[in-house]
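**Student:** Mind the numbering: the sequence shown is residues 2 to 549 in our numbering, read in order.
If you are wondering where the hints come from, they were derived from the structure by calculation, not from laboratory data.
Each hint should be verified, as a subset may be incorrect.
[Claimed, not checked] Straight-line alpha carbon distances no greater than 27 Å define the calculated BS3-like cross-link-like pairs of lysine-lysine that follow:
(1) K109 x K230
(2) K268 x K198
(3) K447 x K385
(4) K330 x K268
(5) K330 x K315
[What the hints assert, rightly or not] The calculated label-pair distances, taken between Cβ atoms and stated as ranges, are:
(6) K224 x D49: 46 to 56 Å
(7) G205 x E168: 18 to 28 Å
(8) S403 x D108: 25 to 35 Å
(9) A176 x Y239: 25 to 35 Å
(10) Y239 x I525: 41 to 51 Å
(11) P455 x D226: 51 to 61 Å
(12) K103 x S486: 41 to 51 Å
(13) P348 x T399: 16 to 26 Å
(14) S219 x I59: 44 to 54 Å
(15) S320 x N261: 26 to 36 Å
(16) S320 x K103: 53 to 63 Å
Backbone N, C-alpha and C define an ideal beta-carbon position, used for all residues, glycine too.
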Amino acid sequence: MSDYCPISQTDEQIAKKLKTSHTNLEDPTLKLPNHVLRSIFSYLKSDDLFNIRLVSKIWHRNTPSYFSLDFDEFVTPDVGLQESHTKFLDSIRSSLETSEGKLKMADKRVVRVQFKYDENLYDVLRLIEGNDFHEVYLRFGFFDYSIPFIFQSKCLTVLHLHQCGIEESLFIGDARFDSVSEIELDRVTLTGKTLSKFISKCAGVRELRLVNCELLRSIVLCKVDRLKKFYVQLLGSYPCITDVLVVAPSLEVFHFVHYNSSKVAVKMDIRACRMLREFHLRCSILPVGLGHEDFCSDFPRLETLLLGPCVTGKRVKISSPSLRNLTLKFTQLYNYKYSRKSVLSVPNLCSYQYVGRSFKSSFGPSDAPKFLKISISLAPRTKKINRAWFLQLRRQLTKISSRVVLAFIIHDQASFSELGKRGHKLWSMPIGRTSTQVLPRIQHLKLDIRLTDPEESLGCLLKYIINNLLWMSRPNALTLSMPASFTAFALGVCNELFISTREGSCCANTQNKCWRHFLEDFMIKEVVINEKEEAKMFRFVFTWQLFS
2 MSDYCPISQT DEQIAKKLKT SHTNLEDPTL KLPNHVLRSI FSYLKSDDLF
52 NIRLVSKIWH RNTPSYFSLD FDEFVTPDVG LQESHTKFLD SIRSSLETSE
102 GKLKMADKRV VRVQFKYDEN LYDVLRLIEG NDFHEVYLRF GFFDYSIPFI
152 FQSKCLTVLH LHQCGIEESL FIGDARFDSV SEIELDRVTL TGKTLSKFIS
202 KCAGVRELRL VNCELLRSIV LCKVDRLKKF YVQLLGSYPC ITDVLVVAPS
252 LEVFHFVHYN SSKVAVKMDI RACRMLREFH LRCSILPVGL GHEDFCSDFP
302 RLETLLLGPC VTGKRVKISS PSLRNLTLKF TQLYNYKYSR KSVLSVPNLC
352 SYQYVGRSFK SSFGPSDAPK FLKISISLAP RTKKINRAWF LQLRRQLTKI
402 SSRVVLAFII HDQASFSELG KRGHKLWSMP IGRTSTQVLP RIQHLKLDIR
452 LTDPEESLGC LLKYIINNLL WMSRPNALTL SMPASFTAFA LGVCNELFIS
502 TREGSCCANT QNKCWRHFLE DFMIKEVVIN EKEEAKMFRF VFTWQLFS
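With these hints in hand, go ahead and build the complete structure from the sequences.
**Tutor:** Here it is as C-alpha cells:
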C-alpha cells in the first residue's frame with residue numbers, strides 16, 4: 002500500500018497516478034490461455050461470434066468457427082404442389098451433401114428453415130437431425146402444423162420454433178434433451194402440461210422465451226435448476242394465463258408481459274427465485290401472490306425492477322436496499338389521489354424512470370441521494386394540457402431533490418381542427434412564476450413530437466408547452482425530436498418563441514420577470530439526421546443570467 006499511496010503525496014497526485022495506471026491496463030483476457038478463451042466463446046451463439054472476432058487478433062484467432070445454412074420453401078418455384086415439395090427436399094439434401102466437409106470442420110453448425118407446407122416436414126427434420134446441428138431455427142407458415150419429434154442430437158444447444166404446434170405425446174418416452182440451453186417458442190400451440198413435460202426433459206436449459214403461445218393457460222416449471230433467463234409475453238386476443246409457478250433457484254432475469262381483454266389477475270408464485278436480479282412486470286392487474294406491503298422482500302438480490310400498469314386496490318410498498326434501477330410505466334398500484342407518502346424506499350437507487358400521464362410525488366423515491374439520475378416522461382392528453390395541469394406538475398416536482406430530465410411525448414390524440422386555428426382557448430395563459438418557484442434541478446428538457454401534419458393550432462400547442470416549461474425551470478438544454486416532415490415547422494415555432502422581442506410592457510406590472518428577461522443566449526448545438534439526410538432532432542443550449 003505504501004508504494005501506491007505514500008504519505009507525502011497529495012490527493013491530486015494520487016488521483017493522477019491511479020488514472021494513469023487504469024489507462025495502461027491491458028485487456029484482461031490476454032492473460033487467459035487460448036483454450037480457456039476459446040471455451041468461453043463457445044457458449045455464444047453464431048450471431049454473436051461474427052462481432053466477437055472483430056475485437057482483436059487474439060479474439061479472432063480463438064473464436065469458434067461456424068457454418069450456417071438457410072432454406073426457404075417460399076422461394077421454391079411453385080410449379081405444382083407435389084413437384085414443389087420434391088424440389089424443396091432435393092435442394093436441402095443437395096446442400097447438405099455439398100457442404101458435408103464444411104459442416105464437419107465447423108465448431109458450430111447452424112440451420113434455418115422456413116416451411117410453407119408440412120408435406121415434407123418429417124423428411125426434412127430427419128435430414129437436419131442426421132447432421133448434428135448446434136442451432137436450429139424452424140419457422141412454419143400456419144399454426145396447425147405440429148412437429149413430429151424433437152431433435153435428440155447431443156450437439157443441439159439452441160432451438161427456436163415459430164408458429165407451429167407441439168403435442169404432449171412427444172414427451173411420453175424416456176428421451177431427454179439435456180444439451181439444449183436456449184429455447185424460444187414463438188406463437189407455438191401447446192398446453193401448460195405439455196410445456197412442463199418438455200422443460201422437465203431439458204435439464205441444461207438456461208434461457209426460455211415464450212411469445213404469444215396459444216392454449217397456454219398455466220406455466221408450471223419445477224426444479225429448473227440451471228434456468229437463468231425467463232421471458233413470457235402474451236398480447237392481444239390470446240387466452241389469458243391464470244397460474245405461474247416457477248421454482249428456479251438460479252433464475253436472474255424474469256420478464257412477464259401479459260395484456261388481454263379479460264383483465265384477470267394472474268396467480269404468481271416465484272418466491273423460490275431468490276437469486277432474481279432483474280424483474281420486468283407489465284400486466285393489467287398486479288398478480289396475486291406478490292407481497293403488497295413488502296413487494297421485494299422475496300428477492301434480496303434484486304437490482305432492476307420495471308412495473309407496468311399493474312392496477313390494484315391495495316397499497317404497495319417497494320422497499321429494497323439492493324435495488325439500483327427502477328422504472329414505473331403508467332403504474333396505478335393503488336389510489337394515490339389522497340396519498341402524500343412515497344411508496345418507494347430504495348436508499349441505494351442509482352436510476353429512476355417514470356412514464357405516465359401526470360406525475361405524483363408519491364411515485365418518486367424518498368430520501369434519494371443527490372447523484373440519483375431521474376427521468377420523468379409524460380404523455381398527457383392534449384385536451385388536459387392547461388394552466389392548472391402545469392401548476393400541479395410544478396408543485397409535485399418541487400418535492401424532488403435530485404436532478405431531473407423532464408420529457409414530454411406529444412402525439413395526435415385530439416382533433417385539432419375542433420380546437421380552432423389558435424388551438425385551445427387556455428393555451429394563451431402561461432402559469433407564471435415567483436422567484437422561489439424556479440426549479441433549478443430540471444437540467445434537461447425533452448420534447449418528443451409525434452405529429453406529421455403542421456397546423457397552426459399545433460404551433461400554439463408547441464409554444465404553450467415550451468413557454469410553461471421555461472417559466473418553471475432554467476434548463477441547460479432543450480431537445481426536440483420529431484418526424485422529418487414536422488422539422489421545419491417546429492424549428493420556426495421555436496425560433497419565433499425564443500427571439501421574440503420583449504415589449505416595454507412585457508413584465509412592467511410585476512417584479513417577477515418572465516423567463517425571456519433572464520435568457521442571455523441560445524444556440525442549436527446538435528442536429529441529428531435520418532438516412533435521407535433529413536433533420537429529425539434539434540438540441541437547443543441555453544445561457545442564463547447568474548442572478549435574477
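**Student:** Please go over all the hints and tell whether each is borne out by the structure.
**Tutor:** Status of each hint after checking the structure:
1. K109 x K230: holds (23 Å)
2. K268 x K198: Distance ~21 Å between K268 and K198 Cα, so the pair holds.
3. K447 x K385: OK: K447 and K385 at ~19 Å, within 27 Å.
4. K330 x K268: Within the cut-off at roughly 22 Å; holds.
5. K330 x K315: Roughly 18 Å separates the two Cα atoms, so the pair holds.
6. K224 x D49: 46 to 56 Å: violated (29 Å)
7. G205 x E168: 18 to 28 Å: holds (23 Å)
8. S403 x D108: 25 to 35 Å: Check failed, 49 Å falls outside 25 to 35 Å.
9. A176 x Y239: 25 to 35 Å: Holds - the Cβ-Cβ distance for A176 and Y239, about 29 Å, lies within 25 to 35 Å.
10. Y239 x I525: 41 to 51 Å: holds (47 Å)
11. P455 x D226: 51 to 61 Å: holds (59 Å)
12. K103 x S486: 41 to 51 Å: At roughly 49 Å between Cβ atoms, S486 and K103 fall inside 41 to 51 Å, so the hint holds.
13. P348 x T399: 16 to 26 Å: Holds: the Cβ-Cβ distance is about 22 Å, inside 16 to 26 Å.
14. S219 x I59: 44 to 54 Å: Hint holds: Cβ distance 48 Å, inside 44 to 54 Å.
15. S320 x N261: 26 to 36 Å: Given range 26 to 36 Å: holds, Cβ gap about 30 Å.
16. S320 x K103: 53 to 63 Å: holds (57 Å)
Hints 6 and 8 from the list above are not met by this structure, while the remaining hints are.
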